[in-house]
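Let the hints inform the model, and build the full structure from the sequences given.
Take a look at the letters that make up each chain.
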Amino acid sequence: MSTRLDHRRQPAAAPVRRKKRKGQAIGLAYISPWLIGFLVLTLFPFVASLVYSFTDYNMVGSFHFVGLANYVEMFTNDPTFAQSLKVTLLYVLMAVPAKLAIALLVAMALNIKMKGIGFYRTIYYLPSILGGSIAVSVLWRFLFMKEGLVNSMLSSLSISPINWLGDPKLALFTISLLPVWEFGSSMVLFLAGLKQVPQELYEAAKVDGAARIRTFFHITLPLLTPIVLFNLIMQTINAFQQFTAAFVITDGGPMKSTYLYGLMLYDNSFQFFKMGYASAQSWILFVIILLFTLVLFKTSNRWAHYEDGGDGK
Amino acid sequence: MKLKRFSKWAGLLCLALTVAVTAACSSDSGSSGAEEAKEEKATLRFSWWGSEVRHQALLEAIDLYMEKNPNVTIEPEYGGFDGYYQKLVTQFAGGTAPDLTPLSVDWIEEIAVKGNLVLDLNTLKDHLNLDAFDAEFLNDYATFDGKLIGLPMGANGIVTLYNREFFEKFGISENTKWDWNTIHEIGKKVHEQDPDAYLLGLFDYRIFLQPFVNQLTGNQWINDDKSLGFDAAAAEKAFAYYRQLLDDGVIQPVEESSLYPDLAENLQWQNGNIGMMFTLASTIAKVKSYTPDVGVSMFPVPADAKTSAVLVNPSNPLAINKDTKYPEEAAKFASWLLTDPEAARILKDVYSVPAATANAAMLAEEGLIDPTVAEAVEIALSNPGAPVNGLSNNNELNQISQDILERVAFRKLEPAQAAEELTSRLADKLQTIK
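If you read the sequences in order, they're chains A and B.
Quick note on numbering: my numbering labels position 263 of the first sequence as 259, and the sequence is numbered without any gaps.
Quick note on numbering: my numbering labels position 375 of the second sequence as 1521, and the sequence is numbered without any gaps.
It should be emphasised that the hints constitute simulated quantities derived from the structure, not laboratory data.
For every residue, glycine included, the Cβ atom is placed at its ideal position computed from N, Cα and C.
Hints should not be assumed to be uniformly reliable.
Unchecked claim - Interface residues of chain A toward chain B, partial, derived using beta-carbon atoms under 10 Å:
(1) Asn159
(2) Leu161
(3) Phe269
What the hints assert, rightly or not - Some, not all, of what chain B presents toward chain A, calculated at C-beta under 7 Å:
(4) Phe1227
(5) Ala1239
(6) Glu1401
(7) Glu1542
(8) Glu1552
Written out as structure tokens, the structure reads:
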């Protein structure tokens, strides 16, 4: 292919090349804000943190290379690392499926032809815009505190107050309810997916007398699996990095029961100034997320169905 | 071919960026020197955190100073306490820290001692009115490793603060001389009288564990030689006592209080269901905004205590950045702000009671200081414990103590186990601290 192109280009090579070069320069100039941002704000810190992870850098003094000491320390001599890893895994297991289920449910509810449905779709997307903010976390704290609104509602149903955030057994569950509320972006994707499902299939199922639940599990869900996979991966990555909710609502407590990985990183870097150690922990988090993503991709062959067979043909 | 050309471009861009970043990152070598500084107009960046009242007072003082010293421009940078330390350390790391900033006591170890990022004010003696301060106070609370790391902006100390209404309701005398036994006895009675009432809120390592153990041992929590200042037996006593208070309803159940690290914000305190707290004089103004009618008395000290362990410290020594271009001007301003009577009248008690003794007396006389705050500082300074050393203020070590104390409160650890774990984990961690 390249020979053919070269052959065609040869007669007027010089002016074309100049023109192309100019075009590329303009193109690069246009994307330079992103490029500079990527190099300075992403690539540089990325590489720097890898280097720091082998040092005892503490932000204020000079630092020394310590080899693998940071990595050895976290796996052999740091009980908070193990605790935080456990809490984070539990959090991911609770928050991600719950969020996807709600997103799908809402998407199905909004996938109807009705006057003003656009308005409702916008309304249901709103929480996602507010979702990760400090303000919503503070609101969550007030809703779920012992004297909060949730308990007053329960008490009007004669249910005795539940200590949502003060009980170490319940606090993580309460925190993992917060992202469920931010289902918007997953919902939009599900909605787009639902619109792609060929109506003939539903009609055929109807003619065959299939019940709605059966239709859902045998037509809708299988056809949505590529979108489920995408949402699952994105939300899992997000959930592993959660910070705000735990920081604002419980500050990792009670008894470290909501001490998410992000919070531990924050403590090590900005409370104890163990930047080297925190960098090493970030890289472990990166590897964990990478492994989870790879496993999801690998296993998806068995459960994600593509109409075209999955190889794009 | 396309790829080649692209990589050439990308390479050039990378190079340009690297040069730009290196240029931006390399800090000012400061070669401009002091001579030049004298001639040109000095600009000082002064950064602080605090409440609106404090901001207003400092801004007013800055204006007055600039009026009197037209060659000096002071740029104020102020905000809340949240994130201040993180920002400050990042600024120090990036070479953009302000010329003047107050330091919280628990940062001194990192910034002034280990980091060596601020000037030793003894080197600027000629520009400072050090005589205005009590020499012993400066030596005990603002001098570390022989270096005067800042000028104390105020005197601060821990006291027992109580809700007068609560004391009246339960017939507790305001003159009670508190020790750990009286707390248990009276607190138990209070809770028996009213199951919703508790004498105390949540304890943490700083207001309970460290002082309780120090009173038993007479040592620092962690000795300067990186050994523990206590043994497992002393820690076990503290944990057992704490558990007893929780079991007998002297302290609000931890399941309810753990959401409020700051007792002043605890709804039960605000509703008048909690009777007293141990707190620093500098926080009294905030507590009073929720509970106006409060009194203060001495922190609990048992008769046989080997040290009072009453925490006393300068509320935020004002430090000067080592890299400042104008050390002398910065020193002159800091000295004026904290010793000049006119400045004192503007600042009043925004940093607790002034550490400059003559100013403190003057403000008290003129009624410009909140009497509760003045009384609190006087009480704390009347029986101060030894100044807390850097290692006993180490955040990471204290986090370990706090975690274990919390697990005792949640009944996940028995006092003996807790004491064992505390001593072994602290000893482990101390080995890794340089």
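Each hint, compared with the structure:
1. Contact between Asn159(A) and chain B, as hinted, is supported at the beta carbon level, the nearest pair being about 5 Å apart and thus within 10 Å.
2. The criterion of a C-beta within 10 Å of any C-beta in chain B is met by Leu161(A), whose closest approach is roughly 6 Å, and the hint holds.
3. The beta carbon of Phe269(A) comes within 6 Å of a beta carbon in chain B, closer than 10 Å, and the hint placing it at the interface holds.
4. The closest approach between the C-beta of Phe1227(B) and any C-beta of chain A is roughly 14 Å, which is over the 7 Å cut-off, so the hint fails.
5. The interface hint given for Ala1239(B) holds, since its Cβ lies 4 Å from the closest Cβ of chain A, which is under the 7 Å cut-off.
6. Here the hint on Glu1401(B) is kept, as its CB sits about 4 Å from the closest CB of chain A, short of 7 Å.
7. Among the interface hints, the one on Glu1542(B) holds; its C-beta lies about 4 Å from the nearest C-beta in chain A, closer than the 7 Å criterion.
8. Interface restraint check: Glu1552(B) against chain A, minimum CB-CB distance 5 Å, threshold 7 Å, status holds.
The structure is inconsistent with hint 4 alone, although it conforms to all the rest.
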